[in-house]
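Chemist: Please model the entire structure based on the sequences and the hints provided.
Protein chains in written order, with our numbering: chain A, 1 to 329; chain B, 1 to 329.
It is worth saying that the hints were derived from the structure and are not from the lab. Please note: incorrect hints may appear among the correct ones.
As the list claims (entries may be wrong) - Some, not all, of what chain B presents toward chain A, calculated at C-beta under 8 Å:
| hint | residue |
| --- | --- |
| 1 | L56 |
| 2 | H145 |
| 3 | I147 |
| 4 | I226 |
| 5 | V236 |
| 6 | A257 |
| 7 | W263 |
| 8 | R280 |
| 9 | R308 |
Beta carbons: idealized from backbone N, C-alpha and C, even for Gly.
What follows is the residue order along each chain.
There are 2 protein chains.
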Amino acid sequence: MTNEAKASASRPQANERSGQAAAAKPKEKPFFEKVALIGLGLIGSSLSHVMRREGLAGTISGAARSEKTLRRAAELGLADSFHQDPAEAVRDADLVFLNVPVGAMGPVAERIRPALKKGAILTDVGSVKQSVIRDVSPHVPEGVHFIPGHPIAGTEQSGPDAGFPELFENRWCLLTPLPGTDEKALDRLTRFWQACGSHVETMDPAHHDLVLGITSHLPHLIAYNIVATAADLEEVTESEVIKYSAGGFRDFTRLAASDPVMWRDVFLNNREAVLELLGRFMEDLHALQRAIRWGEGDKLYEVFSRSRRIRREIIEAGQDTPAPNFGRR
Amino acid sequence: MTNEAKASASRPQANERSGQAAAAKPKEKPFFEKVALIGLGLIGSSLSHVMRREGLAGTISGAARSEKTLRRAAELGLADSFHQDPAEAVRDADLVFLNVPVGAMGPVAERIRPALKKGAILTDVGSVKQSVIRDVSPHVPEGVHFIPGHPIAGTEQSGPDAGFPELFENRWCLLTPLPGTDEKALDRLTRFWQACGSHVETMDPAHHDLVLGITSHLPHLIAYNIVATAADLEEVTESEVIKYSAGGFRDFTRLAASDPVMWRDVFLNNREAVLELLGRFMEDLHALQRAIRWGEGDKLYEVFSRSRRIRREIIEAGQDTPAPNFGRR
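Modeler: Right, dumping it as structure tokens:
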């Protein structure tokens, strides 16, 4: 299948909102008088940095639950005003970002509800979309444009120090608008993410949760699991696991160093898709297990020789580096 | 457990042959009149580069099965003479490296047997040690010092172009000498690897195969498996898997881009350890699966929050970069 054919095959699922469409009209940068960042971790702080660099916001208000985070965010100048109460942060804001674990989206939405400005865009960056829609929608007042979103970008680090303005560059941002979403609001949010350096697509929320289930959630679950298996082995000391980790294990520890609260919430809230994908993964693993037990070299070779092409296509799509070992030193 | 306590806990299993021990006697660089590299892929070509840089060999002879590899190796100047017959390459060599897939070790050893020089050191770089000992030992002539070895270093790339002189720097090299191994030969090979930038330890072959089973073999099997699962999903297009791979999946594709022949042979030859470890991994995964199904957030959080420490210790041990996302661009 050619790349073009593949792109067109995926079109029923996802509609790119950049490229050809953007070329038809002038791609002016969006500007918001006031942007509220609810949550000032990796994503919130990166949004602050890129908005400052690109001049996307007049003022930025920031909210975080912990005083420590707020204090550090203030030291870093991540916003112009800081609030422990998210409702205070969203007052008069034209664009509100919910950058909290997906399990906290509902309670936060409920809390900010009375303070949301009519005409404001309310969006989020959660890794699960159906649960966010389920939890947030009931709290969205008439006249506020709720557009769920998810930038496919991150690192294993978290907290207000973890952000940097290039985080979203050349990464995809998926928006999962609800039926009847205001086109102007959707267009403005699309241009916001494009101004952050992202490619933007819209996608059905259920499909999003399945796609991210395989490209993000299952990989993290597997990474956490293998680190746990290694840590619990009685026959191999932890010191040995650490010393000889360059054989491959170290790669998994990076994903497994991600924020445990964020990931707990992802698995609690994308349960069905993850369990379905985990079932497939285990079936495939049982087949490999049997091939090893039976000494079926041809079967192993066949499975192992398929993956190079996918790696190459990921590199060609600009989603990873061609440098060996990720170019790390 | 402190780092010191852990290091001492691992001591019954592995004996470091550098550091304090090396400080006691002058650490002169070993020099071999002639070194034979049987196999000129990633490891063979990296050995050539580092030997040239450090002046460890008078002349280097190279052997490879395929004419294409030999031709390319000649263009790159990886050796001073090139041979399709490994027996020709090892003639008069003082140090012979077997850099071939572990399944090929036995046949190659049988072939070079009549040409090995008395007093020569014969070693290998295979990822499994018990099978190499089983397959190579019967072909080692009296007076030749066979010392199995394994540098824990690599990239996802293979072939004569993949090598670089820093590959072994600050990586561990495990030697699994047989009972009665000549101490002088062992010391000379140890100093060779130290001159390549490696830390050297000796280890029992069975323990090696278990340790590498968890730090290298199982991670590769899991990586190959998840790439296969993703590729076979009918509900998610391959184009989507590639585009949104930055959510975590892309990391696995790097390991899964490794040489399929090398890895087929590893699993066929370290069957018992891999099946045992795979069993543990699956048990742990079933526990996580149940925690997700039952919505046990505390259990998930507990497992997820354990791994950050291991990541930190790997970084502190100099075995990975602290830079987010491996510092890749």
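Chemist: Give a verdict on every hint.
Modeler: Do the hints match the structure? See the list:
1. L56: 22 Å, violated
2. H145: This interface hint is violated because 25 Å lies over the 8 Å limit.
3. I147: This hint is violated: I147 of chain B lies away from chain A, its Cβ roughly 19 Å from the closest one there, beyond 8 Å.
4. I226: I226 of chain B check passes; min Cβ-Cβ to chain A is 6 Å, inside 8 Å.
5. V236: For V236 of chain B, the interface hint holds, since the closest Cβ of chain A sits about 5 Å away, which is under 8 Å.
6. A257: 4 Å, holds
7. W263: 5 Å, holds
8. R280: With Cβ-Cβ at 5 Å, under 8 Å, it holds.
9. R308: 5 Å, holds
Against the hints set out earlier in the document, violations occur for numbers 1, 2 and 3.
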